[in-house]
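**Q** Below, each chain spelled out in residue letters.
There are 2 protein chains.
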Amino acid sequence: MRIGILGYGNLGRGVECAVKQNDDVELKAVFTRRNPADVKILTPGVNVYSVNDVEAHKDEIDVLIICGGSATDLPEMTPKYTKYFNVIDSFDTHANIPQHFANVDKAAKENGHIALISCGWDPGMFSLNRLYANAILPEGNDYTFWGKGVSQGHSDAIRRVEGVKDGKQYTIPVESALESVRNGENPELTTRQKHTRECFVVAEEGADLAKIEEEIKNMPNYFSDYDTTVHFITEEELKKNHSGIQHGGFVFRSGVTGWNKENKHVIEYSLKLDSNPEFTSSVLVAYARAINRLHSEGVNGCKTVFDIAPAYLSPLSGDEIRAHLL
Amino acid sequence: MRIGILGYGNLGRGVECAVKQNDDVELKAVFTRRNPADVKILTPGVNVYSVNDVEAHKDEIDVLIICGGSATDLPEMTPKYTKYFNVIDSFDTHANIPQHFANVDKAAKENGHIALISCGWDPGMFSLNRLYANAILPEGNDYTFWGKGVSQGHSDAIRRVEGVKDGKQYTIPVESALESVRNGENPELTTRQKHTRECFVVAEEGADLAKIEEEIKNMPNYFSDYDTTVHFITEEELKKNHSGIQHGGFVFRSGVTGWNKENKHVIEYSLKLDSNPEFTSSVLVAYARAINRLHSEGVNGCKTVFDIAPAYLSPLSGDEIRAHLL
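Chains as they are written, first to last, in the numbering used here: chain A, 2 to 327; chain B, 2 to 327.
This list has only true hints and no planted wrong ones.
Chain copies aren't distinguished; within one or between two, either way the pair holds.
Here are the simulated lysine to aspartate or glutamate pairs, DMTMM-like style, with alpha carbons at most 25 angstroms apart:
#: 1; residue 1: K241; residue 2: E263
#: 2; residue 1: K262; residue 2: D25
#: 3; residue 1: K262; residue 2: D275
#: 4; residue 1: K110; residue 2: E321
#: 5; residue 1: K149; residue 2: E176
#: 6; residue 1: K21; residue 2: E140
#: 7; residue 1: K218; residue 2: E237
#: 8; residue 1: K149; residue 2: E186
#: 9; residue 1: K110; residue 2: E298
#: 10; residue 1: K262; residue 2: E27
#: 11; residue 1: K29; residue 2: E140
#: 12; residue 1: K110; residue 2: D320
#: 13; residue 1: K107; residue 2: E298
#: 14; residue 1: K41; residue 2: E263
#: 15; residue 1: K107; residue 2: E321
#: 16; residue 1: K195; residue 2: E180
#: 17; residue 1: K149; residue 2: E180
#: 18; residue 1: K81; residue 2: D320
#: 19; residue 1: K21; residue 2: E186
#: 20; residue 1: K107; residue 2: D320
#: 21; residue 1: K149; residue 2: E263
#: 22; residue 1: K149; residue 2: D226
#: 23; residue 1: K262; residue 2: D24
The set of hints was computed from the structure by calculation and includes no laboratory data.
Please put together the full structure from these sequences, using the hints given.
**A** See below:
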């Protein structure tokens with residue numbers, strides 16, 4: 002299977018690494034909005050092209066993995082490139098998924114391509130676990146926790162505060178809340194009871210630290226509904242200790258069965274990831290395999306992880322997966 | 002969707018309870034090898050028939066859930082009843098799955114039916130998690146732990162020991178092994194390091210307790226490779242404290258990504274179940290919905306959980322699952 006990568010940031014580089022780990026997958030080309038000469042990739046012998054030349058390569062690529070941002074890139078890019086390629090994206094603005102699905106589905110069907118949107122871990126693997134667990138335990142409660150991990154949006158919000166030079170924000174699930182859910186206690190949890198937020202801030206010289214801390218802690222939407230801790234550190238410390246891109250989280254379904262609902266069950270799925278973009282990329286490559294196969298069976302239109310039978314993700318045959326994984 | 006249950010033990014009764022929790026599913030009939038007059042079920046207005054009369058009801062039932070044992074019942078029953086019905090079973094003898102699949106596939110294709118085998122939690126949900134995690138992280142290690150839960154086979158083995166009147170055996174995962182795997186340490190674990198076995202034994206009056214304990218602890222295959230604890234208790238205590246049918250377990254995939262495999266990731270899926278048969282039954286009913294839909298789309302032959310796109314399990318529409326679960 003020949004893969005193209007559109008957009009060579011953390012996610013695109015993660016796809017490149019994931020391709021290397023899968024013997025049946027080949028990286029064919031990288032497309033960039035920057036000057037191609039300025040983009041150095043890791044894989045020897047693979048060309049970097051301008052995104053403007055993408056159409057010329059449409060017959061060389063089985064699946065194009067679009068590594069753009071959900072806010073402005075993907076709503077425009079995914080329908081556009083579905084005209085030339087089978088595509089896959091990691092669109093993660095939950096509220097806009099129905100509209101994005103409709104746009105991509107139209108483009109895919111008009112051009113006989115298959116497109117998979119909102120792939121990764123949330124949306125993605127977490128969504129799958131919500132679906133499976135809800136189908137199995139129709140009477141119950143869902144819980145999703147994120148972290149410990151860096152939230153880009155919250156880190157950006159910190160950096161917009163006056164007097165802040167740089168900053169990183171960690172979202173951390175509250176251990177006692179996890180335990181309560183894990184024990185099947187079905188707690189009603191407020192926002193504050195589910196996650197705490199920890200901020201590492203580099204202040205400008207002479208800035209009013211107390212004022213910065215107040216402003217962060219009281220910021221509506223981002224911090225005011227949480228117990229937030231603010232640590233002031235040096236630029237060197239931030240670089241040394243907080244440049245990681247770890248993430249993860251937990252999906253629970255806690256439900257009951259029995260004639261009188263007398264038996265409790267807890268399903269838990271969790272991820273602990275050193276690199277958020279590399280894990281997401283690994284999910285994308287597995288699903289690229291799946292949609293390439295489905296396309297070769299004549300399937301087109303827009304899909305999500307819900308529509309893909311698990312066997313399509315594996316490089317192994319049906320006989321092999323039944324013998325070794327069932 | 003109209004469901005038939007074949008075999009009314011713990012599993013069949015669990016299916017009956019699960020049907021009650023799903024508004025789009027109706028219990029149509031229960032078939033038994035016993036005298037139907039002796040079988041009292043929970044659902045008002047549903048008839049119990051002899052298994053010998055099953056063919057007469059073939060047009061009243063969309064999916065027949067076969068609740069038999071894997072050792073001798075299912076290898077014979079599933080291919081047999083696939084002639085008349087779409088069927089689903091929980092065949093769990095891992096080593097014989099390829100043969101069972103071939104037999105059922107032949108019968109299903111000859112008769113235009115769809116059959117799903119080896120459904121439940123292991124094989125079933127655990128298998129799915131092994132497959133997804135292996136596809137996402139091709140370089141890594143798999144770990145499966147079972148328990149805490151009652152092992153029927155080991156409880157039976159205890160009861161065969163001379164001087165034992167009754168007994169129950171719990172399989173318990175070793176906490177330090179779980180923690181090591183969870184931390185991404187990729188330990189090499191022996192059988193003894195993964196699980197311990199705890200036995201609750203009711204001895205015959207005057208029996209030699211030391212001899213019983215020795216015999217249990219040294220029993221090859223069942224106990225000799227494990228750290229085993231034996232507790233002697235009264236019949237009343239056994240009945241009062243050890244008649245539960247709890248179970249559960251953990252599936253881990255611990256893998257690496259990155260150009261130089263520098264990033265670690267741990268995927269964990271776990272189940273904590275008050276009732277092993279009721280949870281299995283709940284999985285069976287969700288998959289019965291899936292195969293009924295697939296059959297209405299013209300699909301036939303033998304399938305496993307690997308072949309079923311997740312969306313088919315949910316009573317919700319594609320629009321609904323994209324809006325609420327993705």
